[in-house]
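Take a look at the letters that make up each chain.
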Amino acid sequence: MTSQEMNQLSITACKVRMGIIESTHAAKCGHPGGSMSAAEMFTYLYFKELNVDPADPKWDDRDRFVLSKGHTAPGLYSALALRGFFPVEDLLTLRKVGSYLQGHPNMNTVPGVDMSTGSLGQGISAACGMALAAKVKGKSNRVYTLLGDGEIQEGQVWEACMFASHYKLDNLCVIIDNNGLQIDGNVAKVMSPYPIVDKLEAFGFHVEAIDGHDFLQIEAAMEKAKTVKGQPTAIVMKTVKGKDVSFMEDQAGWHGVAPNDAQYEQAMSELKAKLAELEGK
Amino acid sequence: MADVKKMATRDGYGKGLVALGKAHDDIVVLDADLAGSTKTGMFAKEFPDRHFNCGIAEADMMSVAAGLAASGFTPFASSFAMFASGRAYEQIRNSIGYPALNVKVGASHGGMSVGEDGASHQCCEDFALMRSIPGMVVICPADGVEAEAATIAAYEYEGPVYLRMGRLAVPVFHEEGFQFQIGKGEVMRQGDDIAIIANGLMVYEAIKAGETLAAEGINARIINMSTVKPLDEELVLKAAKECGKIITCEEHSVIGGLGEAVCSFLSENHPTPVRRIGVDDAFGFSGPAAQVLEAFGLCESNIVKVAKEFLGK
Numbered sequence: 001m002t003s004q005e006m007n008q009l010s011i012t013a014c015k016v017r018m019g020i021i022e023s024t025h026a027a028k029c030g031h032p033g034g035s036m037s038a039a040e041m042f043t044y045l046y047f048k049e050l051n052v053d054p055a056d057p058k059w060d061d062r063d064r065f066v067l068s069k070g071h072t073a074p075g076l077y078s079a080l081a082l083r084g085f086f087p088v089e090d091l092l093t094l095r096k097v098g099s100y101l102q103g104h105p106n107m108n109t110v111p112g113v114d115m116s117t118g119s120l121g122q123g124i125s126a127a128c129g130m131a132l133a134a135k136v137k138g139k140s141n142r143v144y145t146l147l148g149d150g151e152i153q154e155g156q157v158w159e160a161c162m163f164a165s166h167y168k169l170d171n172l173c174v175i176i177d178n179n180g181l182q183i184d185g186n187v188a189k190v191m192s193p194y195p196i197v198d199k200l201e202a203f204g205f206h207v208e209a210i211d212g213h214d215f216l217q218i219e220a221a222m223e224k225a226k227t228v229k230g231q232p233t234a235i236v237m238k239t240v241k242g243k244d245v246s247f248m249e250d251q252a253g254w255h256g257v258a259p260n261d262a263q264y265e266q267a268m269s270e271l272k273a274k275l276a277e278l279e280g281k
Numbered sequence: 001m002a003d004v005k006k007m008a009t010r011d012g013y014g015k016g017l018v019a020l021g022k023a024h025d026d027i028v029v030l031d032a033d034l035a036g037s038t039k040t041g042m043f044a045k046e047f048p049d050r051h052f053n054c055g056i057a058e059a060d061m062m063s064v065a066a067g068l069a070a071s072g073f074t075p076f077a078s079s080f081a082m083f084a085s086g087r088a089y090e091q092i093r094n095s096i097g098y099p100a101l102n103v104k105v106g107a108s109h110g111g112m113s114v115g116e117d118g119a120s121h122q123c124c125e126d127f128a129l130m131r132s133i134p135g136m137v138v139i140c141p142a143d144g145v146e147a148e149a150a151t152i153a154a155y156e157y158e159g160p161v162y163l164r165m166g167r168l169a170v171p172v173f174h175e176e177g178f179q180f181q182i183g184k185g186e187v188m189r190q191g192d193d194i195a196i197i198a199n200g201l202m203v204y205e206a207i208k209a210g211e212t213l214a215a216e217g218i219n220a221r222i223i224n225m226s227t228v229k230p231l232d233e234e235l236v237l238k239a240a241k242e243c244g245k246i247i248t249c250e251e252h253s254v255i256g257g258l259g260e261a262v263c264s265f266l267s268e269n270h271p272t273p274v275r276r277i278g279v280d281d282a283f284g285f286s287g288p289a290a291q292v293l294e295a296f297g298l299c300e301s302n303i304v305k306v307a308k309e310f311l312g313k
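Chains as they are written, first to last, in our numbering: chain E, 1 to 281; chain D, 1 to 313.
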């Protein structure tokens, strides 16, 4: 990746974060924290990795992305809108009556959403089904799914990991957003999922442990995943919840709370400053 | 009706899957370590590349099925009724029902007739659970031939379907080649003194009760209501208007099943006295199926008794 390319991705990630703040502020609710922590990943997926076509969102040979941690829909919607799946201004209708932007992703209303999710632990299984479907059909498309580190407390996640490994789903990439926080606090204190890497390896995954805010590390892990044969890949990415808004960073309280007007102003001014810096203004 | 051929509805399901596998490439079948019992093993034998054992992981299986459906396959996902509808209820609701994905849940070993396994496996709540999911079609065939036809009809229907089958071999009274229509009840015997609306293995019991009642001068209309949802309201309304009294019979709790569906519809459209024969808010117990069924009144003799009391005879 060239430095120019990385700068462009960083600019997009900043805009994804602005979309998250704009949409949750407009909705007066939603889940900014875990959306912000995965902003680089949403950006990398939709602007570099996924073979998708905004003009034909249901194209059969596309790569699939399942947001297993469905509550971070604001992050996904923001990336989808910026990628051209629907108008960016529609982000302001998030969670409102009559909007197609449901609180959690709905595959039948939101262009670009491949699976309805929201109930934790189910998305990864659906992603396994999609990866298996591609194998049975002999297609080369890949399937990606993003989970929270709290989400992996769900038993179904490990049922799915067994399945992915058993059926050698090397076209599946499972991404864990290890921001370390869930609603009730530190994941290690609520119900420790650690050691995450060791568990996934024991379940038969090739595992890449990376910094989830570093595009070079994301790229290296994604490229490596495509070379791994006979087993699924997991990318465990260390991230900061609420990343790039000072008062949201590493605060469990920002899991499922929207910024009020004053907080919105501050968050947007921080992100605008960051954007200006990235754009060299 | 002596010496009738017997066949479990789960065997009809297995036959239906094999027939579908031969005709359609988009069929895939999932099981949770019960392929021998649910009869998806029949499909596995013919089409090993399209049968996927998920291990004892029903929750994962249902969401995997959703992913397969989202990729254009028509998956049939099977387990015992208890674990399909109970353990994996929320996966069926959120991964399959909410997105309206084209998944067929083939649940075997429903009801009290599981027998010796006892209460942990005697699922009498599945109609209630599955009926409550918006858009879910709920079918409980009465014999093996109907089960095979219902399996094929479920494939032809676009959307989620719950098919409930039984473990026990039960008399076959449908002719080979029977065509199943989702949402259409079937009048097995004409009569207008009372209507008996049944499904599953209770249909044959109702047919026998109809004969016994006829011998005593009571002409009962016997209806096979295999589709619990959507209910054949037209047929229920006609029965209510022409017979005046209705008995429902099901191998299910009286809470939330066929009886309640009939009562809900009639109370708002044509209030009619109804007696519900089913499991009266209780868990089952171990024993030979016939004895357990009889203990819960899920048998011909009880239908006859309830009908006569209801008619004051």
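The set of hints was computed from the structure by calculation and includes no laboratory data.
Incorrect hints may have been included.
Said to hold, decoys possible - Lysine-lysine pairs mimicking DSBU-like chemistry, simulated, CA-CA at most 35 Å apart: (1) E:LYS137 - D:LYS5; (2) D:LYS45 - E:LYS135; (3) E:LYS137 - D:LYS22; (4) E:LYS58 - D:LYS208; (5) D:LYS5 - E:LYS229; (6) D:LYS313 - D:LYS45; (7) E:LYS96 - D:LYS229; (8) E:LYS58 - D:LYS229; (9) D:LYS22 - D:LYS241; (10) D:LYS313 - E:LYS135; (11) D:LYS22 - D:LYS5; (12) E:LYS168 - D:LYS22; (13) D:LYS45 - E:LYS58; (14) E:LYS48 - E:LYS15; (15) D:LYS208 - D:LYS241.
Stated by the list, open to error - Here's a subset of chain E near chain D, in silico, CB distances under 7 Å, partners left out: (16) MET107; (17) ASN108; (18) MET130; (19) ALA160; (20) VAL190; (21) PRO193; (22) TYR194.
Yeah, the Cβ is synthetic: ideal placement off N, Cα and C, and Gly gets one too.
Against the structure, the hints:
no. : hint                : verdict
1   : E:LYS137 - D:LYS5   : violated (41 Å)
2   : D:LYS45 - E:LYS135  : holds (20 Å)
3   : E:LYS137 - D:LYS22  : holds (17 Å)
4   : E:LYS58 - D:LYS208  : violated (53 Å)
5   : D:LYS5 - E:LYS229   : violated (52 Å)
6   : D:LYS313 - D:LYS45  : violated (54 Å)
7   : E:LYS96 - D:LYS229  : holds (32 Å)
8   : E:LYS58 - D:LYS229  : holds (31 Å)
9   : D:LYS22 - D:LYS241  : violated (45 Å)
10  : D:LYS313 - E:LYS135 : violated (65 Å)
11  : D:LYS22 - D:LYS5    : holds (26 Å)
12  : E:LYS168 - D:LYS22  : holds (27 Å)
13  : D:LYS45 - E:LYS58   : holds (34 Å)
14  : E:LYS48 - E:LYS15   : holds (16 Å)
15  : D:LYS208 - D:LYS241 : holds (24 Å)
16  : MET107              : holds (5 Å)
17  : ASN108              : holds (6 Å)
18  : MET130              : holds (4 Å)
19  : ALA160              : holds (5 Å)
20  : VAL190              : violated (21 Å)
21  : PRO193              : violated (18 Å)
22  : TYR194              : violated (23 Å)
Checked against the numbered hints given earlier, the structure breaks hints 1, 4, 5, 6, 9, 10, 20, 21, 22 and satisfies all the rest.
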